[in-house]
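Taken in order, these protein sequences are the chains called A and B. So the first sequence is numbered by this note's numbering: it starts at 1 and just counts up by one. So the second sequence is numbered by this note's numbering: it starts at 1 and just counts up by one.
Any given hint could be a false lead.
[As the list claims (entries may be wrong)] Partner residues are not named here, just some residues of chain A that face chain B (Cβ under 7 Å, in silico):
hint, residue
1, Glu46
2, Ser47
3, Met56
4, Leu62
5, Asp190
6, Thr192
7, His217
8, Asp227
9, Asp244
10, Gly277
11, Arg278
12, Pro280
[Claimed, not checked] What the simulated footprint calls covered on chain B by chain A, stretch by stretch (three residues with Cβ under 8 Å from a Cβ of chain A suffice, anywhere in the stretch; the number is not a length):
hint, segment
13, 141-149
14, 199-206
15, 210-220
16, 319-326
[Stated by the list, open to error] Calculated Cβ distances over 10 Å to all of chain B for the following chain A residues:
hint, residue
17, Met111
18, His157
19, Asn265
20, Pro268
21, Val311
Honestly, the hints are just simulated from the structure, not real lab data. Note that the coordinates shown come from a computational prediction; the quantities given were computed from them, not determined experimentally. Idealized CB from N, CA, C, for every residue including glycine.
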Amino acid sequence: MNATHEPLLAVDGLTIDLTGPGGQPGLVQDVSFEVHAGESVALIGESGCGKTMTAMAVLGLLPAGFRVAGGSIRFQGRDLLACPERELRSVRGAAIGAVFQEPMSSLDPTMRVGDQIAEARRLHLGEARKVALRRARELLDRVGIPNAEKRLAAYPHELSGGMQQRVMIASAIACDPQLVLADEPTTALDVTIQAEILELLRDLRREQGIAVLLVTHDLGVVADFCDRVVAMYAGAVVERSDVDRLFGRPAHPYTRALLDAIPQNGRPRTVLPVIRGRVPAAGQFPTGCRFEPRCAHGGHERCLQPQHEAVLPDGRATRCARVADGDLVLAEGGAR
Amino acid sequence: MTDTSAHAAGTAQQITGAAAGSLVARGLTKTFPLSRNAFGRPTSRLRAVDGVDLDVTAGTTVGVVGESGSGKTTLGRLVSLLERPDSGSIVLDGRDVTRLRGKGLTALRPRLQVVFQDPFGSLDPTKSIAHAVAEPLLVHGRIRRSQMPAAAEELVARVGLDPALARRYPEQLSGGQRQRVCIARALALEPWLLVADEPTSALDLSTRSEILNLLLELQQDTGQSILLISHDFATVQHLAHRVAVMYLGRIVEEGPTEEVVGDPLHPYTRALLSAVPVPDPVVQRTRRRIVLHGETPNPANPPTGCRFRTRCGAATPSCAQIDPMPAEVRPGHRVACLLHSDAGTPVSAAAPD
Numbered sequence: 001m002n003a004t005h006e007p008l009l010a011v012d013g014l015t016i017d018l019t020g021p022g023g024q025p026g027l028v029q030d031v032s033f034e035v036h037a038g039e040s041v042a043l044i045g046e047s048g049c050g051k052t053m054t055a056m057a058v059l060g061l062l063p064a065g066f067r068v069a070g071g072s073i074r075f076q077g078r079d080l081l082a083c084p085e086r087e088l089r090s091v092r093g094a095a096i097g098a099v100f101q102e103p104m105s106s107l108d109p110t111m112r113v114g115d116q117i118a119e120a121r122r123l124h125l126g127e128a129r130k131v132a133l134r135r136a137r138e139l140l141d142r143v144g145i146p147n148a149e150k151r152l153a154a155y156p157h158e159l160s161g162g163m164q165q166r167v168m169i170a171s172a173i174a175c176d177p178q179l180v181l182a183d184e185p186t187t188a189l190d191v192t193i194q195a196e197i198l199e200l201l202r203d204l205r206r207e208q209g210i211a212v213l214l215v216t217h218d219l220g221v222v223a224d225f226c227d228r229v230v231a232m233y234a235g236a237v238v239e240r241s242d243v244d245r246l247f248g249r250p251a252h253p254y255t256r257a258l259l260d261a262i263p264q265n266g267r268p269r270t271v272l273p274v275i276r277g278r279v280p281a282a283g284q285f286p287t288g289c290r291f292e293p294r295c296a297h298g299g300h301e302r303c304l305q306p307q308h309e310a311v312l313p314d315g316r317a318t319r320c321a322r323v324a325d326g327d328l329v330l331a332e333g334g335a336r
Numbered sequence: 001m002t003d004t005s006a007h008a009a010g011t012a013q014q015i016t017g018a019a020a021g022s023l024v025a026r027g028l029t030k031t032f033p034l035s036r037n038a039f040g041r042p043t044s045r046l047r048a049v050d051g052v053d054l055d056v057t058a059g060t061t062v063g064v065v066g067e068s069g070s071g072k073t074t075l076g077r078l079v080s081l082l083e084r085p086d087s088g089s090i091v092l093d094g095r096d097v098t099r100l101r102g103k104g105l106t107a108l109r110p111r112l113q114v115v116f117q118d119p120f121g122s123l124d125p126t127k128s129i130a131h132a133v134a135e136p137l138l139v140h141g142r143i144r145r146s147q148m149p150a151a152a153e154e155l156v157a158r159v160g161l162d163p164a165l166a167r168r169y170p171e172q173l174s175g176g177q178r179q180r181v182c183i184a185r186a187l188a189l190e191p192w193l194l195v196a197d198e199p200t201s202a203l204d205l206s207t208r209s210e211i212l213n214l215l216l217e218l219q220q221d222t223g224q225s226i227l228l229i230s231h232d233f234a235t236v237q238h239l240a241h242r243v244a245v246m247y248l249g250r251i252v253e254e255g256p257t258e259e260v261v262g263d264p265l266h267p268y269t270r271a272l273l274s275a276v277p278v279p280d281p282v283v284q285r286t287r288r289r290i291v292l293h294g295e296t297p298n299p300a301n302p303p304t305g306c307r308f309r310t311r312c313g314a315a316t317p318s319c320a321q322i323d324p325m326p327a328e329v330r331p332g333h334r335v336a337c338l339l340h341s342d343a344g345t346p347v348s349a350a351a352p353d
């Protein structure tokens, strides 16, 4: 989009290993993508494809045993992987806010909502509790929580799921971040609440220029909310594209297959195309194309070679060698 | 399929033919105590399901959609006799089963099976898959213990899994495989009615389409009826012949799926459908969401008159005075809204909640 500017977040060649006994190298392999200021990027794929792992690496919150083995994560030009922990802390939670799927498990049940939101400002900006609480009240207003003054003193369990997620968003944006990383923020919510939360995130983008990296497996949410899409399969990025072209002209057999698996409006009770087999377990990835065993166009000798990302003339990136040089042409359109 | 409209009038209670799996529920109400006083008497109650009429024609799928707290799961539990209604009746294939107890109930159980949302929580981690799927057959005396492995392999194969998986344990299976195991277990006793409560909600997109295919195929083969409870519109739209929309314990709209989805009449159904994003960015950009005011009211203290009126953009003063009743506004399509029919009971005459 605005390729001339330096991206806000640039992940380049990120590789994550599982260390220790039973360790697996290359759980996440050579992942590269960019998020520009104010833009909304979706990270999609089935469970076990490494979306959340990638997001956690950006936050520097990889679980014990996982280690970044290669690549770089640059945020505002600064390499987060080379940062000492102290410096990282000033980025995480301040310049990068995070919203997770289950608000109830991310909020502290013993802490009042107001203090939880204020905590970020007290820690990162060193504000006094009173000042921070006043700001927390404004934030609750901002995320559309009625009776903000009263809700400051509420505990998370006293709020509905949608309200809890709003509180999460309020604390994610407490320190005016440039980027919000949202991992399945609406998956546990009802559709009407989901629409409201997406609306709120859209407002934040428009009014405060916050960029959003949205991890999701709901293609409806992607179509509704995102500018660009990064599709992952088995720990690798298989396609990068803008949202219109991803849905209209997917450039990888995996994204094509995902789109085909969506039930079509006008054709109820028909058999849906499925992706045969399942995502290989970590460590059992094929040496060639990781999607080849499940691919409708597999079996070609070029599929047995390791695949590299190729950028097509129109700017889309694909990790399918056959699509890249025009040997394989995928069907167009959302429905088939 | 076409006799549903006869039932929908609400008066015709006779059951058609000998087809197995037809369900007629009338006036189902279920109340849960929220708090009790020192004597154990309930002091406040939540009416989770409030006067619901529902028909499932044998061999068809009826979808129930609604948000959390709408009572759809409780309705499923009432229909599958896991929960006893406070009032109302459930007629299965012409037989009133509402007050069934003891042996009569045990004999009926195999006919009603349930698949739950969470395939992780509904399988015993210490029992093999073979045990999980064949146990119902053993419990109901259909097979002997020595026949379990063979029966299990057959069932597992029927839901499209490798029979060798029968020797494994739940933790060794993926979410989609587990959901297939749950379906295999529910099918073991050849039920007439399968109640599927959010069968696809915990699954990935590609796995979801596998389960949808499986449910379709099984219904075509064995012709059981399915009550599909889901908040996932794509699932309901794809599988259900008819759909019922619930809001705060009531069915507000019910009719043929393509009619309800294509031309919804109740303001709540319209709002709900407008909130479901379409997986096509070009189409999605042209859609307008109907914004609902405020939050869902507390189900323990629903508004008087129409329960949706506090959030409805088309509410009029009479919506507070008349409690709308579902009325047939098109053949086989019922709506409980004063915009479409003046059927209803005045609030003052209604029993105080």
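Cβ contact check, 8 Å cutoff: the segment 141-149 of chain B against chain A, three residues minimum: violated (count 0)
Restraint outcome when histidine 217/A is required to lie within 7 Å of chain B by C-beta distance: With a closest approach of 6 Å, the histidine 217/A hint holds.
Given leucine 62/A was flagged as interface, is its beta-carbon under 7 Å from a beta-carbon of chain B? Because about 23 Å separates leucine 62/A from the closest Cβ in chain B, which is outside the 7 Å limit, the hint is violated.
Histidine 157/A: least C-beta distance to chain B exceeds 10 Å? Given a closest Cβ separation of 15 Å, the condition holds.
Regarding the hint that methionine 56/A lies at the interface with chain B, is the smallest CB-CB distance below 7 Å? 19 Å, violated
Against chain B, does asparagine 265/A keep a CB gap of more than 10 Å to every residue? 7 Å, violated
Beyond 10 Å from every Cβ of chain B: is that where the Cβ of valine 311/A lies? 21 Å, holds
Go through the hint on threonine 192/A and say holds or violated, using the shortest Cβ distance to chain B against 7 Å. 5 Å, holds
Count the residues of the segment 319-326 of chain B with a beta-carbon closer than 8 Å to any beta-carbon of chain A: does the count reach three? violated (count 0)
For the hint on aspartate 227/A, just tell me whether its beta-carbon gets within less than 7 Å of chain B. 10 Å, violated
Hint check: is the beta carbon of arginine 278/A less than 7 Å from a beta carbon of chain B? 6 Å, holds
In terms of beta carbon proximity below 8 Å, does the segment 199-206 of chain B have 3 or more residues touching chain A? Coverage by chain A holds here, the residue count being 3 at a Cβ distance below 8 Å.
Hint compliance for this structure: hints 3, 4, 8, 10, 12, 13, 16, 19, 20 are not met, and every other hint is.
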